[in-house]
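These protein sequence lines are chains A and B, in that order.
For the first sequence, counting from 1, position 63 maps to 63 in the numbering used here; every step adds exactly one.
For the second sequence, counting from 1, position 6 maps to 6 in the numbering used here; every step adds exactly one.
Because the hints were derived from the structure by calculation, they are not lab data.
Fair warning: there could be bad hints in the mix.
Stated by the list, open to error - Dumping the calculated BS3-like pairs for lysine-lysine here, alpha-carbon to alpha-carbon at most 27 Å:
1. K119/B <-> K102/B
2. K100/B <-> K144/A
3. K119/B <-> K5/A
4. K119/B <-> K144/A
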Amino acid sequence: MVNLKLGRKAFEYFYALLIIFLLWYMISQIVNINLIPSPILVLENLSKTFKSKIMIHVEYSLFRILMGIALSLIVGVPTGIVMGYFSRIDKLLSPIVYLIYPIPKIALLPVVMLIFGLGEMSKIFMIAVIVVFQVIVSLRDAVKGIPENMYYSIYSLGGSLFQLLREVIIPASLINILTSIRVALGTAISVLFFTETFGTEYGIGYFIMDSWMRVNYLDMYSGIIVLSLMGIVLFSIIDFLEFIFYRW
Amino acid sequence: MVKVEGLTVRYKTDDGYFTALENINLNVDDGDVLALVGPSGCGKSTLMHVLSGIINTYDGKVTINGEGINTKKHRIGLVLQDYGLLPWKNVYENAVLGLKIKCKLDSDDRDYALFILDKLGLKEFIRRYPQKLSGGQRQRVAIARALILKPDILLMDEPFSALDEITREEMQELFIEIQKEYNVSTVFVTHSIEEAVYIGKKIAIMSKSPGTIKQIIHNETYGLKDKRLCREFYDLTIKIRKDIKEEWST
């Protein structure tokens, strides 16, 4: 049954890809301009240049995105859990979180760049700062949603706070951690793209913009495909983790 | 031995205090079963929370074997109406949770856990998750968890009230058997008079809120075989029903 599920998922991906490429191909044939090359040419270009030209950019981008998400989890998971479990702390922190959450933090990029410089740190920090709020809010709600009864047996056994965390709180909110990462991933990739258009010569965002400037549309589309694939692969990893941890 | 003297519990509400329990006095001798019966909202669950150390702000004195309740020291087996199982742990992991929190598991503990699970007819389900079990099976897991702990006191908070009639009678039978064998001091909360008479050695009857103990009855039918076929069982049930008819109505 498990294999069936995974097989079905693979089929769905394949089917969606096929449709998208078919549409793309039709449009490219109808309009017949440089700006929209045929997907066949793009894939050909991609397979030729991936190792020599694109790989290095993928490495940079992946590093930034993973570090950004890791940083937001390191900060967001404990904060969310503490807010969810201790309602007094929640009362103190919630107003601040709610106020900052909707601010378009990407607008702070210039400030972040002034503080952290043009290097890796400012890009990682930017991703983390945007993602962390989603993590905090969903973790807090997850912990708040745990029924009191689940705590009772641990209380009556004289369990410590650490045991409560390990046996109840973390497993109960694990699925929400994964969901929040999934939601955050989409945002993180957009932010990544944006930050990579400044002050760097590496990263898939840079590669796309640079190809565009050089009017190399084949490279540009190759970059877009690679960026999308990165997203899909990261998504699938989350799906897989969910599948492993969510057996019950 | 569990002793409750002059226990009063108040909750803080928006407008002052709400008295949930008032001046409760109870004894559970070693190996005895005290059935606690009362109407909904009379504070039965509050009393259980006090005995299990979940509530620890109260007036009066509550002791287990002469000492104030200490959840770290005492072994308290708690069985709740909604089973209190963790859905992400399988039957075995749920069953040993109590021990695991008390101490590191050794191989004797694991053997004992498997022995009890087998005893409760759960051996073939040990790798299953609670969601794949029936209500009766889940409740057996909860009881196994409490027993594996080798508890000083077993607290059962309306354990069978979510089960269907046939399963409930089976579980009552099973409980009596297990209790006889392991001699665990038990407080058994129920809202069913029949269940109280069926299971308790002593039956404590509570009043409506604020909960007080109205009377404590020594159950003469305790230990009778095939009780549901005995006249005495029904006589006592009817007597208690008459006693509380006015008390619980309105």
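How the hints compare with the structure:
1. K119/B <-> K102/B: Roughly 23 Å separates the two Cα atoms, so the pair holds.
2. K100/B <-> K144/A: With a Cα-Cα distance of about 25 Å, the restraint between K100/B and K144/A holds, given a limit of 27 Å.
3. K119/B <-> K5/A: Cα-Cα ~37 Å, so violated.
4. K119/B <-> K144/A: 37 Å, violated
Consistency with the previously given hints fails for numbers 3, 4, ordered from lowest to highest.
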